[in-house]
Amino acid sequence: MTPLPLAQKATGWFFGPVALGRVAAMRFLAGAFIWVDWWWYMPWILGHRHVPGELYQPLFIARVLPVFPVPSYWIVVGTLVVMLAASIPMMLGKAPRLFGWICAVAYFEWMIIAMSYGKVDHGKFGFLLLLFLLPTMPKAKWGDRRNLSEHVGWGFNLVQIGVVCTYFFAAWAKFRYGGFEWVNSATMTWAIIRRGTEFSTWMLDYPWLLRLSQWGMVSFELLSPIVMFVAAKRLRYGIVAFFYVFHLTVFLAVEISFLPHMVAMACFLPLERIQPRDLIRNLPRLPGRIRRKLQARKAIPAQAGATDPAREAEAAS
Amino acid sequence: MSVDEPQVSKVRPVGKAVRVAITMAVLALVTATTFWGADDFFPFAPFKMYSFSKELDGWTGSTRVEVVNAEGVRFSLTESATGFRRAEVEGQKSRFVEDPPLLCYIAEAYENTNPDKPEIVTVEIIERQFELKDGYQTGEVVEVVEAATTCEGADQ
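First to last, the sequence lines map onto chains W and S.
Under the numbering used here, think of the first position of the first sequence as 1, with each following residue one higher.
Under the numbering used here, think of the first position of the second sequence as 1, with each following residue one higher.
Because the hints were derived from the structure by calculation, they are not lab data.
Be a bit skeptical, because a hint or two may be false.
[Stated by the list, open to error] Computed list of lysine-lysine pairs in DSS-like fashion (alpha-carbon distance at most 30 Å, straight line): (1) S:Lys54 x S:Lys93; (2) S:Lys16 x W:Lys119; (3) W:Lys9 x S:Lys93; (4) W:Lys119 x S:Lys10; (5) S:Lys93 x W:Lys233; (6) W:Lys233 x W:Lys9; (7) W:Lys233 x S:Lys117; (8) W:Lys94 x W:Lys141; (9) S:Lys54 x W:Lys119.
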């Protein structure tokens with residue numbers, strides 16, 4: 001049976017080959033975030049080691065799967081130690097699949113410890129997907145642009161879907177809980193009263209501006225799936241850059257950063273182009289190199305892509 | 001095959017079917033929990049950060065836990081003093097209101113975190129409510145003790 005061209009195209013969308021270099025970079029970023037997370041981003045999770053088990057309220061998953069113990073001092077500390085210990089070889093690419101699995105399972109237990117006392121935080125969905133998909137990918141070297149893999153393509157495609165869902169369904173959650181009138185409500189005013197900064201409090205005097213920003217946010221969230229279907233790479237990177245700028249703006253306005261989400265989103269970018277060794281060696285000369293590269297690109301706009309076979313091969317990533 | 005030629009490792013057809021099914025399952029779960037689920041289904045919880053419509057007229061509240069220790073000193077418990085967050089107090093508030101002696105477990109968390117400090121005798125959840133008009137505080141403030149209990153010797 002020959003598959004229909006449309007079906008072929010659809011499966012191609014799930015399995016666009018991605019260079020292995022990106023896997024090494026994402027492993028490093030994921031492990032690095034785990035260190036930032038327990039120490040700086042969510043330090044209160046460790047505080048749960050002192051909270052009596054009577055205040056533990058198991059989530060659905062823990063009630064269905066009887067593998068999650070009631071957190072005690074040593075369960076909390078032990079989970080942290082295992083998670084941190086496994087993250088280092090994962091970051092450095094030593095037995096990355098084995099340590100990736102250990103890291104993913106330990107981090108999931110860490111999240112169960114965090115979210116089972118009456119408050120669930122959102123915005124880690126993409127990062128959790130990333131942690132569980134990285135171990136399905138092969139061992140990889142930084143800067144490897146020659147070996148491409150459909151396995152990796154599928155994994156990062158699913159992480160990207162998770163990232164986009166976080167935006168897209170956040171808009172629907174607003175409609176569900178706040179109603180369609182959310183866009184005209186005073187939610188941003190309330191957010192800035194609660195946690196505004198010197199960059200945002202002036203906006204309280206211009207409520208129409210805040211309402212406009214709510215319209216803007218919901219439109220961008222609803223339109224975000226476009227990034228999954230854009231073929232032109234520059235446009236795609238441009239949209240991802242817009243997402244990052246959005247998070248920077250939100251952080252400056254109300255100091256909410258969605259850091260793990262931003263880490264997961266990095267898999268949209270061609271991180272396989274990063275060679276840490278070359279980068280460190282060339283760091284002092286970097287501004288000059290960028291300038292020369294831009295000039296070269298201006299000089300031969302048409303052939304720029306054809307001269308580099310590795311770049312051609314990435315077309316589908 | 002030349003050295004520069006890229007190598008693409010392919011997924012076999014069965015593997016493709018399994019993987020597409022996994023992606024579809026994740027999408028189905030996240031869609032379902034957005035419209036019908038609740039936080040309980042973490043990690044598939046509705047992404048409801050700042051999703052409530054806020055009225056700038058009415059009452060808005062702020063919850064705190066206040067305690068009195070064995071030396072008679074009254075103070076509010078912070079997140080870092082207990083490891084139990086304010087949002088978690090709010091999340092379990094109905095439980096505490098129904099069964100106030102549960103508040104002693106917050107006292108226990110404080111004593112575990114600060115073993116050298118005097119023990120806690122009473123625990124109260126207090127909600128301070130502000131009246132808002134057009135987003136401005138009218139100055140009208142009401143304090144309500146929502147739950148209170150005495151824990152003397154509770155954990156001996």
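Each hint tested on the structure:
1. Only pairs whose Cα atoms come within 30 Å are accepted, and lysine 54 of chain S paired with lysine 93 of chain S is accepted, the gap being roughly 21 Å.
2. Restraint check for lysine 16 of chain S and lysine 119 of chain W: not satisfied, since their Cα atoms lie roughly 38 Å apart, outside the 30 Å limit.
3. At most 30 Å may separate the alpha-carbon atoms for a hinted pair to count; lysine 9 of chain W and lysine 93 of chain S exceed this at roughly 52 Å.
4. For the hint pairing lysine 119 of chain W with lysine 10 of chain S, the CA-to-CA distance comes to about 43 Å; that exceeds 30 Å, so the pair is violated.
5. Among the hinted pairs, lysine 93 of chain S with lysine 233 of chain W is inconsistent with the structure: their alpha-carbon atoms are about 50 Å apart, more than 30 Å.
6. Only pairs whose Cα atoms come within 30 Å are accepted, and lysine 233 of chain W paired with lysine 9 of chain W is accepted, the gap being roughly 18 Å.
7. In summary, the hint linking lysine 233 of chain W to lysine 117 of chain S is not supported, as the alpha carbons are separated by about 60 Å, beyond the 30 Å threshold.
8. Proposed proximity of lysine 94 of chain W and lysine 141 of chain W is supported: the alpha carbons are some 10 Å apart, at most 30 Å.
9. Distance restraint check for lysine 54 of chain S and lysine 119 of chain W: the Cα-Cα separation of roughly 20 Å lies within the 30 Å cut-off, and the hinted pair is therefore satisfied.
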